[in-house]
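Guided by the hints, dock chain B with the ligands onto chain A, whose structure is given.
Listed below are the residues making up each chain.
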Amino acid sequence: MPPLLKLNNIGKIFSTPQGREVSALEDVNIEVEDGEFISLIGPTGCGKTTLLRIIAGLETASAGEIAIQDNQTGASSPLCTLVFQQYSLFPWLNVIENTAFPLEMRGIPRRSRIKMAEEYLELVGLAGVENAKPYELSGGMQQRAAIARALAYDAKILLMDEPFGALDERTRHRLQDTLLEIWRKKKKTIIFVTHNIDEAVYLAGKIFIMASEPGRLVEDITISIPRPRNRLSEEFTNLHLKIRNFLEKAA
Amino acid sequence: MLRRGAAGIDSANSIMGKVFTTAQSFILPIAFLIVWEVIAVILDNPALVPRLTAVIAILVNPFSELIGTGSLAWNTIVSLVRVLAGFAIAVIICVPVGLAMGVSKTINRLVNPLVELFRPLCPIAWIPFAMAMFKTTRVPQLFGVRYTDTILDSVQVGMLFIIFWGGLFPILLNTVHGVSNVREIWLETAKMLGASKVKMFRRVILPAALPAILTGIRIGLGISWMVIIAAEMLPGSDSGIGYLIMYSYELAEMDILVASMVMIGLMGLLLNRGLQLVSNRISGWTALER
Ligand SMILES: Nc1ncnc2c1ncn2[C@@H]1O[C@H](COP(=O)(O)OP(=O)(O)OP(=O)(O)O)[C@@H](O)[C@H]1O
Ligand SMILES: [Mg+2]
Chain A
1 MPPLLKLNNI
11 GKIFSTPQGR
21 EVSALEDVNI
31 EVEDGEFISL
41 IGPTGCGKTT
51 LLRIIAGLET
61 ASAGEIAIQD
71 NQTGASSPLC
81 TLVFQQYSLF
91 PWLNVIENTA
101 FPLEMRGIPR
111 RSRIKMAEEY
121 LELVGLAGVE
131 NAKPYELSGG
141 MQQRAAIARA
151 LAYDAKILLM
161 DEPFGALDER
171 TRHRLQDTLL
181 EIWRKKKKTI
191 IFVTHNIDEA
201 VYLAGKIFIM
211 ASEPGRLVED
221 ITISIPRPRN
231 RLSEEFTNLH
241 LKIRNFLEKA
251 A
Chain B
1 MLRRGAAGID
11 SANSIMGKVF
21 TTAQSFILPI
31 AFLIVWEVIA
41 VILDNPALVP
51 RLTAVIAILV
61 NPFSELIGTG
71 SLAWNTIVSL
81 VRVLAGFAIA
91 VIICVPVGLA
101 MGVSKTINRL
111 VNPLVELFRP
121 LCPIAWIPFA
131 MAMFKTTRVP
141 QLFGVRYTDT
151 ILDSVQVGML
161 FIIFWGGLFP
171 ILLNTVHGVS
181 NVREIWLETA
191 KMLGASKVKM
201 FRRVILPAAL
211 PAILTGIRIG
221 LGISWMVIIA
231 AEMLPGSDSG
241 IGYLIMYSYE
251 LAEMDILVAS
261 MVMIGLMGLL
271 LNRGLQLVSN
281 RISGWTALER
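Protein chains in written order, with this note's numbering: chain A, 1 to 251; chain B, 1 to 290.
Next comes chain A alone, as it looks inside the complex:
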């Protein structure tokens, strides 16, 4: 069976208004199997966001091709969605309406979509702020609401762009576990961008390490430590060091 998602020699060149050309991505080859948990890690500006946007269809690649086996995902559920790095809640809607937005788009009646949205909010630990407006929430809470909203969309592939970047360590760890649980229960495929080595090693089955100028993949590492992973185990710390070395070379 072909992989769920296959990127073939993907390249992306941005031309700035001043006529300068930036090579954001060069020759990126990635294969993602159904149900995998992938982490992308790399220095700032190496093209992680650009890569996710190309997969999401928000940006077209300047070179290469991308193949998604949509027949594997089942016709009823949508293919993929992207959780943005920046705040993306709709400020004119309150938290519950934001979370229910994808359900509303699907035409689910108000009463049942509110009920479903409540469950997703509960899942990310946001029960109790349903009626708050986004600007009344802290940055971390806004990001959690955005995750709940993306989960409500129930896409097969979840593209997540540094979703936990703004959170404190405790919340971050709790949400990592929540995410793993959702991934396992709902059989999602996740591509997760992070700066945080610990996070990548804790979550992913496979880590792609990227380097910048031009943005490219330099290494992929498969992690077979069984979950839940112990951050203090030798295997874990060894991997952590190994990835740090790669990143230092890449920078």
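Please note that a few of the clues may not be correct.
[Stated by the list, open to error] Label pairs and their computed distance ranges (CB to CB):
no., chain 1, residue 1, chain 2, residue 2, range
1, B, E116, A, P2, 53 to 63 angstroms
2, A, G128, B, V35, 55 to 65 angstroms
3, B, M261, A, R106, 55 to 65 angstroms
4, A, G57, B, L114, 28 to 38 angstroms
5, A, K115, B, G17, 46 to 56 angstroms
6, B, L288, A, K115, 39 to 49 angstroms
7, A, K186, B, E188, 22 to 32 angstroms
8, B, N280, A, D168, 54 to 64 angstroms
9, A, Q86, B, M133, 45 to 55 angstroms
In short, the hints are calculated from the structure, not lab data. We put the CB at the ideal spot given by N, CA and C, even for glycine.
Positioned in the frame of chain A, the structure of chain B with the ligands alone reads:
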């Protein structure tokens, strides 16, 4: 350096502080009124500078008949009805056209040259044109009725036309601006969450552009209010607050003239404040967003 935190409330919030800050905003207006009254007493010429008491007497009895032209209240209401009717037409036409221009580049390219052509033209410059075009046709006559014995008998089509022009550009341009400046991330988010084109428009573009649209409506209404006064001051007009000003000028009734001016200012203030309240209700998030 040592900085102390203010204990509890800062001075502007304490009761005495509040009284002082409120008092501050009354100092100059009161000084102005005193100077006015002093000059009026010294000149002792009501045809030049009326006594405040005379002006206030008219303002507190808005329903009394004045110089055979109806009361102050009646003329104010006539002007208001004209403005609200003409302005409603402007909103009904300009908001949809602006939305269409904001959403579709093609429509924008088609309509924009026309906008650029007419925009530099001050709406007041349309008044003689409207008078020539529509003469004194009144709204009921459009429907083949001579008199309805309602306030509509005082609403001339030409006036509606002028008010429409007053509201047109602020509403149209702010709507276009609002739609074309909806943040990219909101559009992309909606797309990522399965919004169809129609739902994207209704649930994202429209609410995101609404604050700008309301601003356009507020500015447009202010301009329309100025334009109607100008239109009513021209010959051929027979009612309205602008007419009352002009007529009291001809009769050298300065107290009525000044009272009418005060009324115009009050109404303008009221319309603006009213719309501001509505707009804060609907688009409060713009101010609070970080
Ligand atoms: N629209 C654009 N126009 C021009 N250049 C762009 C554009 N978007 C991204 N770039 C450039 O492409 C490169 C990769 O950007 P990208 O946002 O993908 O990086 P990133 O890995 O997500 O960085 P970070 O970790 O800081 O989020 C950068 O050099 C950036 O300046
Ligand atoms: Mg990024």
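Comparing the hints with the structure gives:
no.: 1; hint: B:E116 - A:P2: 53 to 63 angstroms; verdict: holds, 55 angstroms
no.: 2; hint: A:G128 - B:V35: 55 to 65 angstroms; verdict: holds, 59 angstroms
no.: 3; hint: B:M261 - A:R106: 55 to 65 angstroms; verdict: holds, 58 angstroms
no.: 4; hint: A:G57 - B:L114: 28 to 38 angstroms; verdict: holds, 37 angstroms
no.: 5; hint: A:K115 - B:G17: 46 to 56 angstroms; verdict: holds, 49 angstroms
no.: 6; hint: B:L288 - A:K115: 39 to 49 angstroms; verdict: violated, 28 angstroms
no.: 7; hint: A:K186 - B:E188: 22 to 32 angstroms; verdict: holds, 24 angstroms
no.: 8; hint: B:N280 - A:D168: 54 to 64 angstroms; verdict: violated, 35 angstroms
no.: 9; hint: A:Q86 - B:M133: 45 to 55 angstroms; verdict: holds, 53 angstroms
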